[in-house]
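Number of protein chains: 2
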Amino acid sequence: MKELGYSTERIELNGSRFLLSNGYMGYRGTLEEAGKEDLVACTLSGLYDQAGTGWREPVNAPNGFYTVLSYQGQPLQPRAIEPATHEQQLVIRSALHRRKTTFALADNRIEIATERFLSSADVHLMALEYRFRSTEVGTVMVDTGIDADVWDLNGPHFREVSFQAAGSSLTATALTNEGQVVAVATMVAGLNGQGATLQREQAVLNRWTIPAEAGREYCFYKYVAVYTSADPECTAGRDPATVAVEGVRHAAEIGYAKLYARHHACWAERWPRSEVVIKGDPEAELALDYSIYHLLAAAPSHTEKASIPARGLSGQTYKGAIFWDTELFMLPFFIYTQPQLARGLLRYRYHTLDGARRKAAEYGYRGAFYAWESQETGDDACTYFNVTDVFSERPLRTYFRDKQIHISADIAYGIWQYYLVTGDESILFDGGAEIILETARFYYSYAYFKKDKNRYELLDVTGPDEYHERVANNAFTNYMVKYNLQIALATMCWLKGKDPAYYRAFVERLDLEKDLPGLVEMNDLLYLPKPDQKSGVIEQFDGYLALEDLKLAELKARIKIPHEYLGGGNGLATTTQIIKQADVVALLNLFKTNFSAEVKATNWTYYEPRTEHGSSLSPCVYAMLAAELGKQDWAYRYFLKTATIDLTGAYKRYVGPLYIGGTHPAASGGAWMVAVFGFGGLSFDGVTVCLNPRLPTPWAGLVFNFQVKGQFFTVEITPDQVRVEAGGENTQPIRFEIAGENRLCPQNGELIVAYGK
Amino acid sequence: MKELGYSTERIELNGSRFLLSNGYMGYRGTLEEAGKEDLVACTLSGLYDQAGTGWREPVNAPNGFYTVLSYQGQPLQPRAIEPATHEQQLVIRSALHRRKTTFALADNRIEIATERFLSSADVHLMALEYRFRSTEVGTVMVDTGIDADVWDLNGPHFREVSFQAAGSSLTATALTNEGQVVAVATMVAGLNGQGATLQREQAVLNRWTIPAEAGREYCFYKYVAVYTSADPECTAGRDPATVAVEGVRHAAEIGYAKLYARHHACWAERWPRSEVVIKGDPEAELALDYSIYHLLAAAPSHTEKASIPARGLSGQTYKGAIFWDTELFMLPFFIYTQPQLARGLLRYRYHTLDGARRKAAEYGYRGAFYAWESQETGDDACTYFNVTDVFSERPLRTYFRDKQIHISADIAYGIWQYYLVTGDESILFDGGAEIILETARFYYSYAYFKKDKNRYELLDVTGPDEYHERVANNAFTNYMVKYNLQIALATMCWLKGKDPAYYRAFVERLDLEKDLPGLVEMNDLLYLPKPDQKSGVIEQFDGYLALEDLKLAELKARIKIPHEYLGGGNGLATTTQIIKQADVVALLNLFKTNFSAEVKATNWTYYEPRTEHGSSLSPCVYAMLAAELGKQDWAYRYFLKTATIDLTGAYKRYVGPLYIGGTHPAASGGAWMVAVFGFGGLSFDGVTVCLNPRLPTPWAGLVFNFQVKGQFFTVEITPDQVRVEAGGENTQPIRFEIAGENRLCPQNGELIVAYGK
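Chains as they are written, first to last, in the working numbering: chain A, 1 to 757; chain B, 1 to 757.
Don't read these hints as lab results, they were simulated from the structure.
Which copy is meant is left open, because identical chains are indistinguishable; a pair holds if it fits in one copy or across any two.
Mimicking DSS-like on lysine-lysine, the simulated pairs with C-alpha atoms at most 30 angstroms apart in a straight line are:
(1) 496 with 451
(2) 530 with 451
(3) 496 with 453
(4) 530 with 450
(5) 451 with 514
(6) 514 with 453
(7) 453 with 530
(8) 592 with 530
(9) 709 with 498
(10) 450 with 514
Can you make the complete structure from the sequences, with help from the hints?
Set out below in structure tokens:
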């Protein structure tokens, strides 16, 4: 992925587009000489801080890559000197960032070329190779060090930063408002001597003054190590700065090339398992590769105590919080291609179960009410006033936090999907069963019984469509909760059969005995909005169909102020049928076998023109169902919209004055799902792998890899044939149903089935 | 009640201050020469019309009093010529309007003095006595007729007006958009000849040209009759114009003096029954007299199919609709002093029961859900967008209509109070029982059962405090509904004992059999928010106490645009503990015996500083409870605020751009309640009349009249003694408890009890 030319207007976008990350930290695609005005950020996963009464958000570490070249005293910074040529590149398959910039100064041309990566082998390490060349003789000054004057949305988060310099090794130790320590150590190799040390107010630098020869390429390396007091390496009395200095020294000893080789090996191992090849459509292929890159880059492999935030590690947007996006939009990719990472994401939810219990108790409920915005403890980072009204310029009461109850069920759903697809029963013992039961219990305590109708109802909720808050019986929510109840009862049966002693202890520990009859009854009597007998439309929530029905364009014509929020108390969409994102259609996608093709088509057709796609979670859902329904053009259009979102930057950057830019890993996960579930037609119920291919017109072929129950498969789809190849190390045959044809795929064999025509 | 001096700025206010009305129509206190720019209105009771998609509102009849005097060709209109002297008077005890204006033109002074009334003996009639005198000789032109160019808030309502002139008799026949006919006939007596007829586009006039002698007083009379196609007189094929012409001819025959005598006799009969005398405080006395005047003037005595709108008959504000104001704020006055009128007001609710049934069905409920804004059919005139947001200038979704469910219980409460106090059992047979059961049934179908807590709850409601919409378990609402359930069960028991055959037919007709067990269970298990065990505060609704707690002045300091609505989705008060009006305190007032004095005091003290009194229903409630609690200074202050509201005009005229001015009969009823229930300490439980006097400091004495079970009493309270005098025609002794002392008041005797000290 490469871009030519430089424009300050693209700095914000490219920071996300060329993002590197390794699950522990993300480093935005900014240039080495950039400062916070360019939105440089090295965003840490799982370390949050609150400044004053501002929003609690992830901490951006001091910038260890910071390097400015000067020629004859003139700093070479694109904001000051328009580059003569510029190119920036992200090597997707190895998570490598490159830039090459030429500055013209009088008759001289100075070229800077760098390459950098965040190690996936050792997630605390970053490494930079820095080359430069001047066509003329002159004095080049290399200022490189650590810039602690970091970009923050709701900062500053450092109440104190101290710097140490020991030769070409520098250290910055920052203390956050909440008392956490972030240490960054750097070491430079390849330049003569140690350089002078420059101490500035919020930075420490080494300066090398080099009489550059004409046309000679100079090259140096910079190693950066980042540790925090929250890291396990720093918990036994070892301070992060010491650990970081050790880390960076060790890295310098190993050297750039070997460090890169280790990093690359990680990617070389991961990539084939997740790889998808689209034949005949390079644009789609690139976009999907790029999406997969972001998913793999964002997933924490070093810990089970973090998960993937809604904007990955591209900054502090959305408080660096983990949303339901992870379980419903990213998790499927990991379940089918990187189950170990999937397991880690789910284990994060177990580590934050107590936070969910606290949230339930806070609102007077029992069980676990998961956070809409979850940080490291599981307590909800979401405020009650999450949006600013552009008219009155006052904070606007939103109900994301207290009413979007479906998130608990989404997590339970994710656990069960993981268990079904991977066959990994251990997840149930390792917290999965507990989450499923505690979320079911939460719903029981949340629900009301309508005696007049002999049914349980879920009132005063917000579904996926956030433009309609505080509604009753949101179809999506009710079906998800029903599923949560079903799997809670299934889990109990399964546990009882599997390990009666464990079951008894489990029931006792969670005090479940008295709740089980209630769960059984609620499972029987929970109201599920059904398709209307005449129209086939499933009403999104009670009263939705009575709202003003108008075209999206008509609604948009009413907008008076750009970025005005369409939901909330007075929002333009609130009193209409215009919805923010897939809601009923999301339900139809998740419960494919519950609804006829006719009902799916009817509802897709009803809701599609009424959907604003104000969320990046939306287009992929419409795409998946469109693919299933044979609407290949629609599916392809929405697929591209989803897969290219972070490439083109065609997304909302602001809601009112609130910045919401960054990467969209849920859309990335959505892109993979559209390709594999939608066009590939893959599904697995725990027994049979189904493949119902429906390639879009431009595609000559689709190849993807997945695993179920520990068995690997490569599927190659052409417009008239499906070929399944079992992995060489598979241990059992797996049953397939391909385009309706039921076949057993031999342990290490293959299947070829013709379809279509 | 008199005002000296003229100011165009007071036209709007004085239109309401000097309002005449007789229950059939209201005529604003404007001058005879005024047109619609002065907000002249002859507002009809019970006749509504919708123009286009505007709000449906009462029709203003063509102005039959319209009269302009000219001197030497110069029209004498205060807007054009500043009057030299001006006075306007309302004779409260006889519902008579007077004005006297002197215009100075060069050396001449022309005086106009008029007197007018809306007959309470024949509610279709209005009469005007018009006198004028010029100090110099000159030509005076009298233009008098019918002006059909009427003031409308949401008009025009006449799609067609036709005029007839027959001598000095004129007729205007107007056809409303909904096809109703409004006919106004006038006749002038006392001027020579017939006058010339002038036909203008929207008016018809007679003109008399009079060579006025210097200093001579001229006098003429004008009779006006108003009939509509909705009147019973016009239903049997008789057209309103014909009936009106007959009416006005008949009136002219009778003559002004006799007509006035008949009108006055009605007031002379009514007044003593309702009279309250305050000794030693003329300001309070006037304000209370004035309040009683408005109540008596607004009540329809001619029909049971109309009731008293929230702004009386002072115009079209609030769609001329009947709110819960009537039952909870006006009805007590009528129950205790004019029970026949009280019965009529309740019968109106029976005539509109089908509308309430339709509303319940519209929202998927059973039983009767009474309209927040009730017009002649009982269908709800309230729109979903009842306020305009001043920031976005867009209609604001409000939940008055669909969530303010307490109104059904308020009506049931009113019926039961009427029955208890008057002993008139017939009301239960004549619709009362049916309303009580249908409203109880509505609540059963509305309620949800919380299995986790084994209780019924009332969710998603708006209580009296409209700044907090869509709340759960509003204490006021829950207690009112509990009362509704209790009296529903009591009604059933009573009916069964009283008339078993009627009971059986009643149960069958309303299909009540299967609902009774539910009502019994809900009555047992309905959640009633209790005083907090520590603080004693009753939480207004679930979560209220967790809202931002700030001082009213702090909230007001946040106001950015005058008249901005403090409630609704984004209102300033919505997310705080600032409330619009008495809510918990209203509950404590209605259920005095349910709560200890300590709880009442605690809650009064908690809620008082948090109440904006943004509704005219609020101060009287705080006053009543303050009086009961011995906070006489507070009580007196709020009493004056309530009683003087329409005298001083110290009320909100706008919510956003919405005009809400007019008279406030609920405050008038509140003023009477504060005097009699609060300071007089009157209550009656169906058996014993309690009197616990607590006079405010300025009052040397308080005398009031009331009746219970058909027995009349005059109570005279001085600071240390209570004297009760039974009416001369009483038929039974009544038990009293005066300042704790239990005494039987003999049939026609008296009681004297010392108290205090």
